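J.: In case you want the letters, here they are:
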Amino acid sequence: MTDEKSQAALYWKANVRLIFGCLFVWALVSFGFAILLRPLLSSIPIGGTDLGFWFAQQGSILSFIALIFFYAWRMNRLDKKFGLDE
Amino acid sequence: MSQFAINLLFVGASFALYIGIAIWARAGSTKEFYVAGGGVHPVTNGMATAADWMSAASFISMAGLIAAGGYASSTYLMGWTGGFVLLAMLLAPYLRKFGKFTVPDFVGDRFYSSEARLVAVICLITASVTYVIGQMTGAGVAFSRFLEISNTAGIWIAAAVVFLYAVFGGMKGITYTQVAQYVVLIVAYTIPAVFISLQLTGNPIPPLGLFSTHVESGLPLLQTLDQVVRELGFQDYTADVDNKLNMVLFTLSLMIGTAGLPHVIIRFFTVPKVADARWSAGWALVFIAMLYLTAPAVASMARLNLYTTIYPEGPTEPALAYEDRPEWIRTWEDTGLIRYEDKNEDGRIQLYNDSPEFAPTAAERGWEGNELTVNSDILVLANPEIANLPPWVIGLIAAGGIAAALSTAAGLLLAISSAISHDLIKKTLKPDISEKGEMLAARISMAGAILLATYLGLNPPGFAAQVVALAFGIAAASIFPVLMMGIFSTRMNKYGAVSGMLAGLLSTLFYIFTFLGFFFIPGTNLLANIPENWLFGISPLSFGAVGALINFAVAFAVSSVTKPPPVEIQELVESVRYPKGAGQAVDH
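Here the protein sequences line up with chains L and V, keeping their order.
Be aware that the first sequence starts at 1, since it is given in my numbering, and climbs by one per residue.
Be aware that the second sequence starts at 87, since it is given in my numbering, and climbs by one per residue.
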């Protein structure tokens, strides 16, 4: 029982760590590159404007998709490792 | 065949398809009515979620807002997609494991309190009704144009159609109908965009066209657009914004609002396994991105097309004569969504930014004020006409716009009716109600919600997308935090949850009503809705994120001084964290 409990705690800890990592990237591409850090990226031209504009209108959306699939894939591996997959 | 007949044909054919599917997949039990029996494949579910999610605001209004706001309106793009990341990681898998029908169900059980359930019902209804208003406004615009009737009549027809459609369907009917609606709306949105992108940039893929070279000028498209708008006194399309705090908070409000919207969360109860809930969120975002990556291209290209129509010789040359105006301006004038007033009586259409800074230049050119008022909501619908595309494309857009409004309205009404019939009546007021009685209550509450939304849709506080943005603020401030704390904190108790929800909801409503009028009734606002009056420059649309912070702060403060939840609740929280043994979404 205690062993099962500590396993569960480990699983949850790994999940939370993964979520933190993913949400860092999530915030970086949207609030970071697309909004607050846009002036820093203004020297990188792309199609008549700058990289910040690209992140605001396309890059962030593409990153979000990648993040969710990455998370789902890593969680599936974690589920298997802990024998929690169905 | 006339354009009117073609529109009727396309809209009629798409309706026949949806109704056919709804009848084929009719919901027999309350469980099927609410969650489609928990047996929907993640990709199918993702597609249905995308249709559910992409509303009249996304389809009809968003590109118009981006066209008008340029870079500053990117908030809508990031906000309405970024929320799915939160949903996939912070809510969907755990709520699926919990395995109940509705959002108040989770709140009520997790916080072992019928008060918490009741407050969740109130939050849910407030957010959903505000959201349905936006759908009604959008569908009204679409119907009025394509049936060539007034905007008011358009809203009434939209209400009647939504009523017939949602009341008979239920979740199972809705899931498969929404797959069909997704296909209709994405085809309708993409085809004109591909044509326009080809015309302007020679690139058939609109998101790539956006960053390509404008064929006519030989310069990048966005640079050309910047030049044109600058010569007419507008801010550059790609210009950075000054108020970054507001932009961040607005984006964040839309994101957490997305994750907190009940009709989207319900979707994740319909997949078979916990892992599927994660994949399903990913697929939903893929399908949503098909439209969201096209929208900014549509926005910039339509805006450029609008100015080239009005100023065929370039913005510094004489504008188009009113007599020579194209057919689309004439038809939209009939709906009242385009208005022309010849202020300097030269018989031409001067469209420009009437700002004090630009006044000297305008005076020099003999202009006496902006003469053409164009409602942002018409941009996507008018887009094929502006670009001279064939009549069947216009018919397709009509069908797509209406599909978008209907699918979302139906999903929301389902969330509202299940909150009333299931959470309020069955769980709180009258536990011995029969299954039949519960279904009847669900349908009656749907009808009530439609009437209320129609009334408010006739007196809306803004464009469809802005009304919708308010709904997000409310969902962000009330529902998202309580769900997240319910999963991620074993210590959170019912006192914290209830006071947090109330603090978040009330502070957000108060801030919104202060500027937009109590219950959106014009003239009852305490302060004018101008940036100078906003607290720290935070607009009412952006306040949801602040409301969510207030919710979290109050909940933790109250919870830390009251007694912890019972042991079995703490065990319940532990159990939703582990995916094994999710089983079906259960009745009880």
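Among the hints, erroneous ones may be present.
Unchecked claim - Stretches of chain L that chain V covers, calculated by requiring three or more beta carbons in the stretch to come under 8 Å of a beta carbon on chain V:
1. 25-38
2. 48-61
3. 73-79
In short, the hints are calculated from the structure, not lab data.
Computed from a predicted model, the values in this text were never measured in an experiment.
Even for Gly, the Cβ is constructed at its ideal location relative to N, Cα and C.
J.: Please name the hints from earlier in the document that this structure breaks, with their numbers sorted from lowest to highest.
T.: none
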